[in-house]
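Protein chains in written order, with the working numbering: chain A, -1 to 332; chain B, 59 to 395.
It is worth saying that the hints were derived from the structure and are not from the lab.
We put the beta carbon where it would ideally sit given N, CA and C, even for glycine.
Just so you know, not all the hints are guaranteed correct.
What the hints assert, rightly or not - Facing chain A, a subset of chain B residues (Cβ under 8 Å, in silico):
hint	residue
1	110
2	148
3	151
4	251
5	253
6	278
7	279
8	281
9	285
10	320
11	321
12	334
13	337
Stated by the list, open to error - Computed footprint of chain B on chain A, listed as stretches where at least three residues anywhere in the stretch have a Cβ under 8 Å from a Cβ of chain B:
hint	segment
14	68 to 77
15	163 to 173
16	179 to 193
17	230 to 241
18	311 to 324
The chain contents come next:
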Amino acid sequence: MLLEARNLRVTYGGVHGEVRAVDGIDLSIGESEVFGLVGESGCGKSTVVKALLRLLPPSARIEADVLRFRDHDLLTLPPGRFRREVLMREIALVPQSAQNSLNPVMRAGAQIVEAIRAHSDASAAKARKRVVELFDIVGLQPELVDRYPHEFSGGMRQRAMIAMALAFEPALLVMDEPTTGLDVLVQERLLGRIREIRARVRSSILLITHDIGVIAETADRVGVMYAGQMVECAPTLSLFAAPCHPYTLGLQNAFPSILALGRELISIPGSPPDLAAPPLGCGFADRCPFALEACRVKRPPQVAIGQDRLSACIRTADIEHIRSAAVKKATWHC
Amino acid sequence: MALLSVEHLTKHFRLDRSVGAALMGRPAGWIKPVEDLSFEIAPGEILGIVGESGCGKSTTCNLIAKLLEPTSGCIRFDGEDVTNLSVAALRRYRAQVQMIFQDPFDSLNPRLRAYDLVAESPRALRLWDEAEIARRVPAMLALVGLPPERYVQRYPHQMSGGERQRVGIASALIAQPRLVIADEPVSMLDVSIRAGVMDLLRDLSVRLNFSCLYVSHDLSILTHLCDRVMVMYLGQVMEVATAHDLVNVPHHPYTRALVAAVPVPDPAYRRQTVEIKGELAKPVNPPPGCRFAPRCHLAMPVCSTTPPMRDVADRHTVACHAVAASNAQTSRTGAAQ
């Protein structure tokens, strides 16, 4: 196992009390696996990324039973050693809005050279040679190394950021919303490029997105987050073929597909709970048409369904019935 | 008869040049976001516009809403030429054509309560007195799914994104418009509530009998919501078709690439990829002719002239020389047999 997190919790302190943005999630990513983390705004997916990369503000507190990356214990590893030994070299980030992450007054190549030299003792000439190689991997012409970011299109800037993240062929590449804000044709090229990179560099990828279509095409396994919790985790094919959590079923109903033109889209009523005052039981219970009294009393545990599948729902035994009821609009909106 | 008909609408912006460039006598550059655009919207119809950044979809909205003056061309609303309007006529027009904006977080005045946000447009348009407004605003809020007893007093920051967008819809619909221009109204919303806002718009368009021009970069949303979809590329129309035809029998090479690039929420499905050359350009000093030609694998010498819109089926028109040539050939061989 490349990355293993058990019962990961992230709490933001504040004058109005604490907000638990990530509330006890389990996450494991294997070697050369693409793990997709999907969820809506405020569900805690970006906080998970920040916790893994130690990018959280000082007001945040990370706790976990286990938080291990290869043989590093990320909970106890001192910050200096994390930066020198793990960051960039073993885990690298392609940040959200990567298109705006390049310094506009520095040439693109120079920025990547700087990053390489900050994390290794490579000479400037060697680092530059590496940048040209990296540009080739992500499909950018070598002459672009000496251009400024404003001379790049949005998709090219995104690829330059991916090139930087790949500098040391990290074991884990974390991509936070890599295609958000890109035009659909640019997105399609980038997804193709990510698949090519996977074939060339044996990195695992943690892909964060709210776009179920992108997840379906790219990820091997998917975790669905809601209100700071992992509600369902399964291999992509089985998750899409037969979701086991009412929230996943609701997302599937709400997401349009050009393959199913006549299908009526069904929204999920209500809105996510306030994490400053989280509900006692299941975070989704208030919006869930299948919720029982017991759902509101105690947080549902993760239940294993077959091999490699987990769902945090106490009604998993009734899933056949729930699935057939969930496709009807009247079930959600009465 | 069409409710809105746009004929040869064109908008060019002049690029500023430096003093030096002007003194040297260098010609000014032009941005041409909308070029010779013609289309119609029938009463009650929802027409979608899809395209990538810089394709002119927002400029088109602003031209129709009369927030921009066209360089040339003509806009007819209900048979009447509204390209040049007096101040009084413009106010009447504005009551009939309303906009819903993309960002429910930025488009609402944070210092106004929901009541005043919705009341703002009838006040500005001087439609009714306060008593009438006080009667209509709560009814409108109820219609968009916000129970007035709980929502009239709320400020935008006390509402979720979906609720804010419903306020945006209510303030667009209160003036009883006959055409609603919606510029990416759900793109900032979470997937689970998007469908609710889209349903609402569709239901209300039938109940209140308005037409809708719905702009988005997301083809899968448009095909679920719209009667017809118009595909734009760098200011020109490439293809107009029903949602079904556009997805199942796209003709234009650009539409084909666009449809093929839409991610599908089905991991077992393998999309066919349609390769197109180069990167998306900006509509700055575009060459004459079809603006997609530099990236098109079917481009021919004739593509340096602008292809006319040709009917290929009922409610399906395409602007492409290559499609026209291959259709002509098919019908010739068909006739020969």
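Evaluated hints:
| no. | hint | verdict |
| --- | --- | --- |
| 1 | 110 | holds, 4 Å |
| 2 | 148 | violated, 34 Å |
| 3 | 151 | violated, 33 Å |
| 4 | 251 | holds, 5 Å |
| 5 | 253 | holds, 4 Å |
| 6 | 278 | holds, 4 Å |
| 7 | 279 | holds, 6 Å |
| 8 | 281 | holds, 6 Å |
| 9 | 285 | violated, 12 Å |
| 10 | 320 | holds, 5 Å |
| 11 | 321 | holds, 3 Å |
| 12 | 334 | holds, 7 Å |
| 13 | 337 | holds, 5 Å |
| 14 | 68 to 77 | violated (count 0) |
| 15 | 163 to 173 | violated (count 0) |
| 16 | 179 to 193 | holds (count 8) |
| 17 | 230 to 241 | holds (count 4) |
| 18 | 311 to 324 | violated (count 0) |
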